[in-house]
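Engineer: Take a look at the letters that make up each chain.
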Amino acid sequence: MASRIALVVVLLLLFAVPALAQQQPYLLHVLILCCLYAIPAVGLNLMLGYTGLVSLGHMAFAGIGAYTFAVLMVDAKMPFWLALVLGVLAAGAGGAAIGAVCLRFRTHFFMIVTLAFGLMLFSVMNNWDDVTRGAAGFPGIPRPAPLGGFSFGPLQNFYYLALGAALVAFAVQWRVARSGFGRVLMALRQDERLARAKGVNAMLYKTAVFALGSAIAGLGGVLHVSFLRVAAPATFSLAESINAVLIVIVGGAGSLAGPALGALVFVGLPEYLRVASEWRLVVFGVLLVLIMLFAPQGLSGLIESAWRRVRR
Amino acid sequence: MISIRNLRKSYGGIRALAGCDLEIAQPGIYGLIGPNGAGKTTLFDVMTGVTEPDAGKVLFDGRDVTRWPAHRLAAFGVARSFQECRVFPEFSCLENLLFGAREPESEALRLLRLINLDQYAQEPAANLSFGQRRLLEIVATFMARPRVLLLDEPAAGVNPALLELLLQFIRRMYQERPLLFVVVEHNMEFVMALASEIVVMHQGAVLERGTPEAIQASPRVMQAYLG
Numbered sequence: 004m005a006s007r008i009a010l011v012v013v014l015l016l017l018f019a020v021p022a023l024a025q026q027q028p029y030l031l032h033v034l035i036l037c038c039l040y041a042i043p044a045v046g047l048n049l050m051l052g053y054t055g056l057v058s059l060g061h062m063a064f065a066g067i068g069a070y071t072f073a074v075l076m077v078d079a080k081m082p083f084w085l086a087l088v089l090g091v092l093a094a095g096a097g098g099a100a101i102g103a104v105c106l107r108f109r110t111h112f113f114m115i116v117t118l119a120f121g122l123m124l125f126s127v128m129n130n131w132d133d134v135t136r137g138a139a140g141f142p143g144i145p146r147p148a149p150l151g152g153f154s155f156g157p158l159q160n161f162y163y164l165a166l167g168a169a170l171v172a173f174a175v176q177w178r179v180a181r182s183g184f185g186r187v188l189m190a191l192r193q194d195e196r197l198a199r200a201k202g203v204n205a206m207l208y209k210t211a212v213f214a215l216g217s218a219i220a221g222l223g224g225v226l227h228v229s230f231l232r233v234a235a236p237a238t239f240s241l242a243e244s245i246n247a248v249l250i251v252i253v254g255g256a257g258s259l260a261g262p263a264l265g266a267l268v269f270v271g272l273p274e275y276l277r278v279a280s281e282w283r284l285v286v287f288g289v290l291l292v293l294i295m296l297f298a299p300q301g302l303s304g305l306i307e308s309a310w311r312r313v314r315r
Numbered sequence: 017m018i019s020i021r022n023l024r025k026s027y028g029g030i031r032a033l034a035g036c037d038l039e040i041a042q043p044g045i046y047g048l049i050g051p052n053g054a055g056k057t058t059l060f061d062v063m064t065g066v067t068e069p070d071a072g073k074v075l076f077d078g079r080d081v082t083r084w085p086a087h088r089l090a091a092f093g094v095a096r097s098f099q100e101c102r103v104f105p106e107f108s109c110l111e112n113l114l115f116g117a118r119e120p121e122s123e124a125l126r127l128l129r130l131i132n133l134d135q136y137a138q139e140p141a142a143n144l145s146f147g148q149r150r151l152l153e154i155v156a157t158f159m160a161r162p163r164v165l166l167l168d169e170p171a172a173g174v175n176p177a178l179l180e181l182l183l184q185f186i187r188r189m190y191q192e193r194p195l196l197f198v199v200v201e202h203n204m205e206f207v208m209a210l211a212s213e214i215v216v217m218h219q220g221a222v223l224e225r226g227t228p229e230a231i232q233a234s235p236r237v238m239q240a241y242l243g
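Line order of the protein sequences matches chains G and A. For the first sequence, the numbering used here begins at 4 and goes up steadily by one. For the second sequence, the numbering used here begins at 17 and goes up steadily by one.
It is worth saying that the hints were derived from the structure and are not from the lab. Ideal placement from N, C-alpha and C gives every residue a C-beta, glycine not left out. Some hints here could point you the wrong way.
[To be verified] Which bits of chain G does chain A cover? Going by a derived footprint, with three or more residues having C-beta under 8 Å, they are:
1. 4-14
2. 69-81
[What the hints assert, rightly or not] What follows is a list of derived Cβ distance ranges for each label pair:
3. G:L296 to A:R21: 34 to 40 Å
4. G:I8 to A:L183: 36 to 42 Å
5. A:R187 to G:M123: 41 to 47 Å
6. G:R312 to A:N175: 43 to 49 Å
7. A:N132 to G:Q300: 30 to 36 Å
[Said to hold, decoys possible] Here are some chain G residues the structure puts well away from chain A; computed CB gaps all over 10 Å:
8. Q193
9. D194
10. L197
11. A198
12. F297
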């Protein structure tokens with residue numbers, strides 16, 4: 004009951020942010036980026052946290068969604084929402100196809116293959132000038148079309164869109180974690196050989212979660228480029244994929260709130276450490292080491308154990 | 017029920033199975049013994065789809081299941097336990113039993129009572145002792161309502177008190193569901209007390225089979241074990 008009340012309070016606060024921060028567009032900007040980073044992190048959490056699949060090319064699937072969306076909207080003049088759906092589906096399909104190859108490998112071999120695919124996809128985004136506009140990026144991507152008279156042009160309105168999309172991603176994650184599908188994913192992470200002996204078609208389940216995680220990443224990618232109004236390869240680079248892994252691990256792999264906490268730390272903290280000027284990334288690095296040292300289960304694990312102590 | 021025909025499997029230069037033939041036509045508890053490296057676990061791995069053979073056939077109830085993947089064999093009714101004891105450590109004891117189960121929760125609770133683990137039903141399996149985890153693993157295999165049950169060294173690492181409990185449990189299960197059990201075991205006292213027939217493997221093939229008494233008296237078996 005108490006955790007439900009806490010959840011409602013957090014949600015109310017999140018919805019009240021634009022009203023509370025009317026004179027602080029920078030805060031809204033940072034919170035929108037937090038949402039946009041949290042969405043792909045949810046997809047990766049399903050793969051890494053629940054299934055034990057450490058993908059080092061995750062943001063490349065966000066890129067598939069983003070560039071599909073950009074081409075359909077700008078070049079093919081497709082309506083925003085249809086292009087968004089097709090972008091998400093393209094990321095999911097790309098995830099299923101590439102996942103089917105990557106998942107033939109295990110452990111560090113799997114990581115290397117996902118890294119290689121991530122680099123290949125980045126290279127395509129960076130060099131296929133006719134379609135992706137190359138390294139300079141794909142400009143002219145509009146903000147979302149109004150929905151029921153509600154325009155997403157103003158920053159506070161885009162915040163609601165980013166928050167809504169993030170909540171949808173978290174709802175999907177919550178539903179998966181509590182489903183039979185989620186139990187199988189958790190079983191695969193704990194002992195794949197045993198799960199197979201119990202009748203689990205491991206390849207099928209892992210491909211399904213790879214596709215689902217990639218589709219969620221695609222949603223994040225689409226909204227990210229719509230927010231920035233440009234699709235640039237750097238948004239989907241190897242460094243961003245590594246960041247996504249760190250967001251999941253710092254937040255707490257396999258926990259429902261982990262991607263949100265991780266994104267807050269990863270996006271919010273460096274911004275608010277700007278007071279430390281050129282030392283900010285050093286301070287940030289030290290903070291990350293401390294989090295990993297004192298919260299090996301991530302921030303959500305730390306909060307959970309603190310919550311248990313309070314309730315005793 | 018089981019027909020193994022000329023099964024061969026090599027790992028590099030080591031021949032784990034060298035033309036293994038085995039026919040088991042009736043339900044019962046069969047002990048599979050042999051010195052280390054005789055090919056027992058490899059035979060289990062091939063029979064359960066963990067490893068593909070180089071040559072030969074595996075038939076269950078007349079159906080050729082050679083090279084079927086593990087999940088398909090499990091769906092067909094082949095269940096197994098592992099030499100190194102495998103449970104899902106983060107799942108509770110009850111969740112371990114219900115994962116991939118065809119039996120209802122009431123049966124899971126009954127089986128937990130039979131092995132004195134009912135008070136730990138909601139406890140993560142990681143918190144159990146090794147012997148208790150071993151019992152849990154074996155009990156979980158029954159939840160799939162298998163046709164064939166392969167137990168790989170069920171007595172390994174289990175203390176004498178739990179061993180007696182395990183023996184009683186397997187006998188009881190066999191009385192309730194007379195299916196085909198094949199038990200790989202190094203604990204001779206345990207396997208001789210449990211099995212109605214013993215199959216001895218040596219150098220990747222079946223050396224001898226017979227009643228526990230006949231096997232214990234066999235000079236060929238003594239020769240294989242003692243060299």
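Engineer: So, for every hint listed, does it hold in this structure?
Structural biologist: Hint-by-hint comparison with the structure:
1. 4-14: violated (count 0)
2. 69-81: violated (count 0)
3. G:L296 to A:R21: 34 to 40 Å: 58 Å, violated
4. G:I8 to A:L183: 36 to 42 Å: Between I8 of chain G and L183 of chain A, where Cβ atoms are some 52 Å apart, the hint is violated.
5. A:R187 to G:M123: 41 to 47 Å: Given about 59 Å between the Cβ atoms, the range is violated.
6. G:R312 to A:N175: 43 to 49 Å: Taking Cβ atoms as reference, R312 of chain G and N175 of chain A lie about 36 Å apart, which means the hint is violated.
7. A:N132 to G:Q300: 30 to 36 Å: With Cβ atoms ~32 Å apart, the hint holds.
8. Q193: 5 Å, violated
9. D194: Nearest chain A Cβ is 5 Å from D194 of chain G, so the label is violated.
10. L197: Given that some Cβ of chain A is not farther than 10 Å from that of L197 of chain G, nearest at about 4 Å, it is violated.
11. A198: The claim breaks: A198 of chain G does not keep its Cβ more than 10 Å from every Cβ of chain A (closest is about 8 Å).
12. F297: 22 Å, holds
Figure legend: structure checked against the earlier numbered hints; hints not met, in rising order: 1, 2, 3, 4, 5, 6, 8, 9, 10, 11.
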